[in-house]
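Full structure from sequences and hints, please.
Protein chains: 2
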Amino acid sequence: MKSYLECIPCFFEQALRAGRIATDDEQALKRLLDELGKKLHQISLDSTPPETGRLIYRMVREITGNPDPYRDLKRQSTREALALYPSLKKTIEKSDDSLLTAIRIAIAGNVIDFGVNASFDIETSIAEALAGDFAICDYSAFETRLAETEEILYIGDNAGETVFDRLLIEQMKKPVIYVVREEPVINDATIEDAIQAGIDQVATIVSSGTDAPGTILHTCNSEFREMLDHSAFTISKGQGNYEALSNENYSIFFLLKAKCGIIANDLGVTQGDIVLKGINTGI
Amino acid sequence: MKSYLECIPCFFEQALRAGRIATDDEQALKRLLDELGKKLHQISLDSTPPETGRLIYRMVREITGNPDPYRDLKRQSTREALALYPSLKKTIEKSDDSLLTAIRIAIAGNVIDFGVNASFDIETSIAEALAGDFAICDYSAFETRLAETEEILYIGDNAGETVFDRLLIEQMKKPVIYVVREEPVINDATIEDAIQAGIDQVATIVSSGTDAPGTILHTCNSEFREMLDHSAFTISKGQGNYEALSNENYSIFFLLKAKCGIIANDLGVTQGDIVLKGINTGI
Chain A
0 MKSYLECIPC
10 FFEQALRAGR
20 IATDDEQALK
30 RLLDELGKKL
40 HQISLDSTPP
50 ETGRLIYRMV
60 REITGNPDPY
70 RDLKRQSTRE
80 ALALYPSLKK
90 TIEKSDDSLL
100 TAIRIAIAGN
110 VIDFGVNASF
120 DIETSIAEAL
130 AGDFAICDYS
140 AFETRLAETE
150 EILYIGDNAG
160 ETVFDRLLIE
170 QMKKPVIYVV
180 REEPVINDAT
190 IEDAIQAGID
200 QVATIVSSGT
210 DAPGTILHTC
220 NSEFREMLDH
230 SAFTISKGQG
240 NYEALSNENY
250 SIFFLLKAKC
260 GIIANDLGVT
270 QGDIVLKGIN
280 TGI
Chain B
0 MKSYLECIPC
10 FFEQALRAGR
20 IATDDEQALK
30 RLLDELGKKL
40 HQISLDSTPP
50 ETGRLIYRMV
60 REITGNPDPY
70 RDLKRQSTRE
80 ALALYPSLKK
90 TIEKSDDSLL
100 TAIRIAIAGN
110 VIDFGVNASF
120 DIETSIAEAL
130 AGDFAICDYS
140 AFETRLAETE
150 EILYIGDNAG
160 ETVFDRLLIE
170 QMKKPVIYVV
180 REEPVINDAT
190 IEDAIQAGID
200 QVATIVSSGT
210 DAPGTILHTC
220 NSEFREMLDH
230 SAFTISKGQG
240 NYEALSNENY
250 SIFFLLKAKC
260 GIIANDLGVT
270 QGDIVLKGIN
280 TGI
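Top to bottom, those sequences are chains A and B.
Going letter by letter, the first sequence gives residues 0 to 282 in numbering that gives the first Met the number 0.
Going letter by letter, the second sequence gives residues 0 to 282 in numbering that gives the first Met the number 0.
Keep in mind that the hints were calculated from the coordinates and are not lab data.
Treat each hint with caution, since some may be false.
If several chains are the same, the list does not tell them apart, and a pair holds so long as it fits within one copy or across any two.
Listed below are the simulated DSBU-like cross-link pairs for lysine-lysine, each with C-alpha atoms no more than 35 Å apart in a straight line [to be verified]:
id: 1; residue 1: Lys-1; residue 2: Lys-37
id: 2; residue 1: Lys-37; residue 2: Lys-173
id: 3; residue 1: Lys-89; residue 2: Lys-172
id: 4; residue 1: Lys-172; residue 2: Lys-93
id: 5; residue 1: Lys-173; residue 2: Lys-258
id: 6; residue 1: Lys-258; residue 2: Lys-89
id: 7; residue 1: Lys-258; residue 2: Lys-38
id: 8; residue 1: Lys-173; residue 2: Lys-93
id: 9; residue 1: Lys-173; residue 2: Lys-38
id: 10; residue 1: Lys-173; residue 2: Lys-89
id: 11; residue 1: Lys-172; residue 2: Lys-38
id: 12; residue 1: Lys-88; residue 2: Lys-172
In this text, all values refer to a predicted model and were calculated from it rather than measured experimentally.
Take a look at the structure:
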């Protein structure tokens, strides 16, 4: 997905939000926004939003001197999600369609996103995702391709959300490679975060190599790109991965909550909607 | 009021909102935001938000070539407000405290602000302002000073809101000098807009001389500044005038709706609250 003019004020909001978590030095924060302002003319609307996100969070790290501002928030999100794990596991097991319920719960976890919001309510998100209709629901294609595949490539998104991904992974009952970011960026999951969520017990964790808040291919390592090239069944979680991958020529099932109005427009849905969208799935 | 870091993303939103009304040329709009980005490091947080607003709307005019993007919206706002005038006049006349009701209605009109919002609901704003409590209400000081003064200096804000100001002017029953902007900026009222609202029938209209969306004194003409120096009773409408005048050493009654969270914080109230605040009123 390309960037829109409306993304630009939001880039400044994101920089300020991340900056405030990294430091309370108002002068450093002003400098951060000034530097982003100076670079703005180099940011093309043809680039995807996570490319600018990558630039912003690099600047946050450089200017504030804090390499991982969201570290504590990530730990806390994962702890809170782990506390919900047992009851969500039961909800899935008791459900008439356990796979679809696990998908709904995995999407509900996508609300844990400090890039889009300063706060969120995970329990409300779960209730909504369990009760609400999908705006796009390519579930039958998902089921068909899942039955055929021998392995799943699962591109994760945020720390904490990882616990909800684990529930879906357990439900799919196939070998899974779980992909995380190489470097901390916003509250996106790194290997450490995935392990805290217990993903290592249900999948093989690999790094995509990127330090962007989305799977921008030219920033990824060759191992991951090769896996993606050869994957028969790929799941991509969240907005940042959608933004980075939606125009690439791969067969991918995107699972996300359309938290931002611009992405909702791009998908042709309403802000807040839940989406299971297959691209190039051949069905 | 000084600017806050949170104002910066909002400056970009304002530029884009005004730019979109002036042109649909996406490249020109990107250039507008890029130019604002380049100038950002020159914008001090010690300056008031309307100073940056002035810069932004100058850039909008220059880059889009449209000298008055809000012209049609202003005309329409005034026409819509005039249609409400007869029933609001009756509401005031029937009220137990007609002056306070006229103040409430004048504040309700302050919702007509394209600088803060892309849309608004004037009828809801009236209902809220008539029914709701003031977060700050220096009404007794207002009444006392009004009884003593021979003349009122009334600093207007937006086109359309002018009609609601007219109702308050009629209720105060004293000679009024009504102050407007010199040049079109956002939907702020100029002389032409005040005349369309019928202000010329109830007050003497003067220009402050400014092309800013707020009464920034160093941008005003000497005639207005002299009036302000000698005024025994001054009313200032809206956020932009509050931002520009709240730290100046004048006796002023500010009438506004705190539409923006930053101004609400500055005033110590909640976003959406209505405010009648006297500064340096000696009471």
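### Message
So, against the hints stated earlier in the document, which numbers end up violated here?
### Response
As far as the earlier hints go, 2, 9 and 11 are violated by this structure, in ascending order.
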